[in-house]
Amino acid sequence: MNVLEIRDLGVDYLSQTGAVHAVADVSLDLRRGEILGLAGESGSGKSTLANAVARLLRPPAAITSGSVVYHRQDGTAVDVLALKRDELRAFRWKELAVVFQSAMNSLNPVSTVGAQIDDVLRIHAPKMSRKDRAERAVELLQRVGISADRRRSYPHELSGGMRQRAAIAIALALNPEVIIMDEPTTALDVVVQRDILHEIRALREEYGFAVVFITHDLSLLMEISDRIAIMYAGRVVETGTAEALHRTPRHPYTLGLLRSFPRLHGPREELLGIPGTPPDLRSLPPGCAFHPRCGRAMEECSTRLPLLTRGADGADGADGSDGEVACLLNGGRGVEEAS
Amino acid sequence: MIVLEGRNLTKHFTSARGPRGRLGRRPPVRAVEDVSIALRAGSVSALVGESGCGKSTVARLLAQVYPATSGDLLLRGEPVRAHRGAAFRDYRRQVQLIFQDPFSSLNPFHRVRYHLARPLRIHGHARSDEQERTMVAELLERVSLTPVEQFMDKLPHELSGGQRQRVAIARALAVQPVALIADEPVSMLDVSIRLGVLRLLEELAKESGLALLYITHDIASARYFAEDITVMYAGRLIESGPSEALTQSPRHPYTRLLLESAPDPDRVTPPDATRHGEPPSLIAPPGGCRFHPRCTVALPVCSSEAPGRTELGEGRWTHCWQAETPDPVAR
Ligand SMILES: Nc1ncnc2c1ncn2[C@@H]1O[C@H](COP(=O)(O)OP(=O)(O)OP(=O)(O)O)[C@@H](O)[C@H]1O
Ligand SMILES: Nc1ncnc2c1ncn2[C@@H]1O[C@H](COP(=O)(O)OP(=O)(O)O)[C@@H](O)[C@H]1O
Ligand code: SF4
Ligand code: SF4
Ligand SMILES: [Mg+2]
Ligand SMILES: [Mg+2]
Chain W
1 MNVLEIRDLG VDYLSQTGAV HAVADVSLDL RRGEILGLAG ESGSGKSTLA
51 NAVARLLRPP AAITSGSVVY HRQDGTAVDV LALKRDELRA FRWKELAVVF
101 QSAMNSLNPV STVGAQIDDV LRIHAPKMSR KDRAERAVEL LQRVGISADR
151 RRSYPHELSG GMRQRAAIAI ALALNPEVII MDEPTTALDV VVQRDILHEI
201 RALREEYGFA VVFITHDLSL LMEISDRIAI MYAGRVVETG TAEALHRTPR
251 HPYTLGLLRS FPRLHGPREE LLGIPGTPPD LRSLPPGCAF HPRCGRAMEE
301 CSTRLPLLTR GADGADGADG SDGEVACLLN GGRGVEEAS
Chain A
1 MIVLEGRNLT KHFTSARGPR GRLGRRPPVR AVEDVSIALR AGSVSALVGE
51 SGCGKSTVAR LLAQVYPATS GDLLLRGEPV RAHRGAAFRD YRRQVQLIFQ
101 DPFSSLNPFH RVRYHLARPL RIHGHARSDE QERTMVAELL ERVSLTPVEQ
151 FMDKLPHELS GGQRQRVAIA RALAVQPVAL IADEPVSMLD VSIRLGVLRL
201 LEELAKESGL ALLYITHDIA SARYFAEDIT VMYAGRLIES GPSEALTQSP
251 RHPYTRLLLE SAPDPDRVTP PDATRHGEPP SLIAPPGGCR FHPRCTVALP
301 VCSSEAPGRT ELGEGRWTHC WQAETPDPVA R
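Protein sequences appear in the order of chains W and A. Start counting the first sequence at 1; every next residue gets the next number (UniProt numbering). Start counting the second sequence at 1; every next residue gets the next number (UniProt numbering).
Calculated directly from the structure, the hints in this document are not laboratory data. Where a beta carbon is used, it is the ideal one built from N, C-alpha and C, also for glycine. Possibly wrong hints are sitting among the right ones.
Said to hold, decoys possible - Non-contacting residues of chain W with respect to chain A, defined by C-beta distances greater than 10 angstroms in every case (computed):
{"hint": "1", "residue": "Arg32"}
{"hint": "2", "residue": "Arg152"}
{"hint": "3", "residue": "Val178"}
{"hint": "4", "residue": "Arg263"}
{"hint": "5", "residue": "Arg268"}
Claimed, not checked - Just the calculated beta-carbon pair ranges, DEER-fashion:
{"hint": "6", "chain 1": "A", "residue 1": "Arg26", "chain 2": "W", "residue 2": "Ser147", "range": "41 to 49 angstroms"}
{"hint": "7", "chain 1": "W", "residue 1": "Arg282", "chain 2": "A", "residue 2": "Phe88", "range": "41 to 49 angstroms"}
{"hint": "8", "chain 1": "A", "residue 1": "Glu130", "chain 2": "W", "residue 2": "Ser15", "range": "54 to 62 angstroms"}
{"hint": "9", "chain 1": "A", "residue 1": "Glu130", "chain 2": "W", "residue 2": "Pro286", "range": "52 to 60 angstroms"}
{"hint": "10", "chain 1": "A", "residue 1": "Thr296", "chain 2": "W", "residue 2": "His124", "range": "36 to 44 angstroms"}
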């Protein structure tokens with residue numbers, strides 16, 4: 001029931017000082033209708049991965065390996081990386097839409113939000129009448145919590161939260177199967193952010209699209225996602241249900257992230273954090289890229305690259321977590337004691 | 001001991017652009033209204049609020065980057081009046097500001113050594129090259145940029161965000177201030193390195209007796225790193241108290257909303273799904289309590305009269321007409 005299958009994807013940024021392997025050997029499934037959270041530090045490759053899947057990469061970025069397959073509901077498969085320009089235009093919006101961190105990147109500053117929804121509908125759904133398009137624009141805006149009279153507003157006349165809602169409304173216009181959201185709420189206040197997260201979940205229930213939700217805020221992700229993938233230095237190092245990652249993280253990096261967050265409730269546990277700093281992607285440490293910062297590193301960690309493998313307990317882990325981890329501990333099963 | 005105190009600070013910005021109102025005047029941005037805040041030696045206080053609520057403006061008023069529209073500043077109990085001259089320069093030295101963006105606060109063309117030596121020279125702390133070198137090394141040591149020889153000659157672009165923020169902190173320390181105002185010092189840093197910078201600030205307060213104001217929109221981090229928290233909303237202070245008490249039993253409806261909205265993977269019951277509206281414009285803020293258009297327990301008086309300060313005991317106070325009513329939201 002996967003709607004998107006990413007296999008062994010590699011993306012480099014080419015430069016005079018050498019290639020930056022921003023995304024390396026990433027394999028990831030997006031299931032129909034799920035919210036998949038993608039977390040990782042700045043520079044870990046989240047946006048590059050998202051842009052590769054949406055075919056939005058520009059030079060000096062280059063896809064060096066792998067494939068991205070999109071499965072339509074009727075069973076046909078689409079090789080996303082092979083789409084030609086005109087096919088791509090139909091693919092984007094109708095099947096896959098993107099919402100960026102800064103709504104300003106998703107919105108056209110010189111056109112009203114109503115007109116922007118109308119544009120998308122006119123180009124991609126030419127059979128709709130002008131009247132139907134106007135009705136649909138109002139419906140979409142109301143659906144994300146913007147009153148109908150604001151359809152004549154320009155982006156700069158809206159608050160940050162309303163702009164982000166408008167960007168989501170446009171993404172919804174053609175009922176895509178997949179919406180990629182790259183830090184859609186990072187620039188917003190927590191209260192407004194909370195409202196928008198509720199909106200996204202409610203819309204998902206209603207329309208059934210799948211979401212790739214990108215953020216560096218793991219606590220936020222644990223609340224909104226069904227499943228989570230953690231990236232470090234261009235690679236996916238752990239996947240699992242939000243619940244399983246919260247309860248029994250298996251990668252030492254995930255564990256470190258969880259122990260870096262101050263908690264709002266319960267005892268004020270000591271925060272352990274993660275020593276050191278994220279690596280320079282131009283000269284990655286050999287073996288497991290996390291080894292210089294890992295408190296559990298063993299000798300082989302600096303020579304052997306751990307691959308993402310399903311928990312040894314089988315496809316449905318003992319805890320039903322159905323997760324994967326890339327860590328050499330315990331014969332490739334990662335951290336085993338409870339956090 | 002109170003080191004730095006702002007009393008009834010108000011700041012209105014008159015905007016240079018934007019539509020003119022009646023009489024051809026441009027309406028001011030009422031960024032900060034009637035803010036009183038006190039910083040104690042050896043203690044970390046937090047100022048918490050959402051983006052645009054006026055936190056940075058309070059920071060700049062306390063550091064005298066610009067003068068207040070009205071209100072008073074007291075350094076060790078002495079009112080600060082002049083805006084130039086020796087007394088003012090001394091004030092600017094004693095109260096140091098650290099900014100959110102470690103990428104723009106350091107001149108990219110100068111080495112770490114220069115960034116730290118300059119303030120030492122200007123304020124006459126270092127009298128010889130030898131002494132200057134020792135002091136720069138000491139500063140780097142204090143912010144844990146070791147081995148110091150290696151860091152002295154680095155350019156800002158050769159440092160990570162966390163390391164740059166440490167240089168900015170060392171630079172602020174170079175002039176031997178009594179108060180440090182850190183405006184969102186870690187919000188541009190990665191989660192995994194935030195902790196180290198916050199710990200450093202905490203240590204500086206504890207060990208050097210600095211008075212520290214930690215400004216943040218992240219109330220959970222304030223719970224961990226500050227002894228007391230003051231919450232700000234739309235230019236006004238609305239609640240204050242010891243960190244643990246304030247975060248575990250908030251009294252102001254906005255503090256409650258803020259706590260309920262903050263991401264929290266340990267949350268047992270999902271937060272309610274009603275829409276809460278957005279913060280108001282500070283050009284024409286709502287009359288009465290500025291939170292009343294979003295408040296679920298507002299009374300008729302809330303829209304006409306701004307609530308005064310209600311003391312709640314144990315160092316807590318709030319501005320709310322419902323302050324005496326027990327928590328309506330059972331947690
Ligand atoms: N146009 C570019 N040219 C060269 N390198 C780039 C370019 N864009 C990104 N990179 C590099 O690729 C790596 C991954 O970047 P990416 O933007 O995907 O990270 P991210 O995980 O989305 O980070 P953030 O959390 O900061 O958004 C980084 O090392 C970055 O410096
Ligand atoms: N120099 C300025 N001129 C005009 N308006 C300003 C200026 N600085 C801040 N403001 C306004 O004052 C309000 C508070 O801003 P700020 O103190 O930066 O908030 P915060 O730090 O809490 O995000 C905002 O509405 C902001 O746009
Ligand atoms: S492979 Fe080794 S270094 Fe990498 S996370 Fe696991 S234990 Fe740590
Ligand atoms: S004063 Fe009134 S409107 Fe303001 S927070 Fe209290 S109850 Fe709500
Ligand atoms: Mg990004
Ligand atoms: Mg600010």
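Verdict for Glu130(A), Ser15(W) (Cβ pair) under range 54 to 62 angstroms
At 42 angstroms between Cβs, range violated.
Please confirm whether Arg152(W) is truly not at the interface, meaning its C-beta sits more than 10 angstroms away from all C-beta atoms of chain A.
At about 18 angstroms from chain A, Arg152(W) clears the 10 angstroms cut-off, so the statement holds.
Confirm or reject the claim that Arg26(A) and Ser147(W) have a C-beta distance inside 41 to 49 angstroms.
Cβ of Arg26(A) to Cβ of Ser147(W): about 28 angstroms, so the range 41 to 49 angstroms is violated.
52 to 60 angstroms as the expected CB spacing between Pro286(W) and Glu130(A), which holds or is violated
Hint violated: Cβ distance 43 angstroms, outside 52 to 60 angstroms.
Pairwise beta carbon distance, Thr296(A) to His124(W), judged against the given window 36 to 44 angstroms:
holds, 41 angstroms
Quick check for students: does the CB of Arg32(W) sit more than 10 angstroms from each CB in chain A?
holds, 24 angstroms
Please confirm whether Val178(W) is truly not at the interface, meaning its C-beta sits more than 10 angstroms away from all C-beta atoms of chain A.
It holds; Val178(W) is separated from chain A by about 24 angstroms at its closest Cβ, greater than 10 angstroms.
Verdict on Arg268(W) as a residue remote from chain A, using beta-carbon distances over 10 angstroms:
About 6 angstroms separates Arg268(W) from the closest Cβ of chain A, which leaves it inside 10 angstroms; violated.
Separation of Arg263(W) from chain A, once the least beta-carbon distance is taken, above 10 angstroms:
Contrary to the label, Arg263(W) does not stay out of reach of chain A, its closest Cβ about 6 angstroms off (not over 10 angstroms).
Arg282(W) versus Phe88(A) beta-carbon gap, inside 41 to 49 angstroms or not:
holds, 47 angstroms
Hint compliance for this structure: hints 4, 5, 6, 8, 9 are broken, all remaining hints hold.
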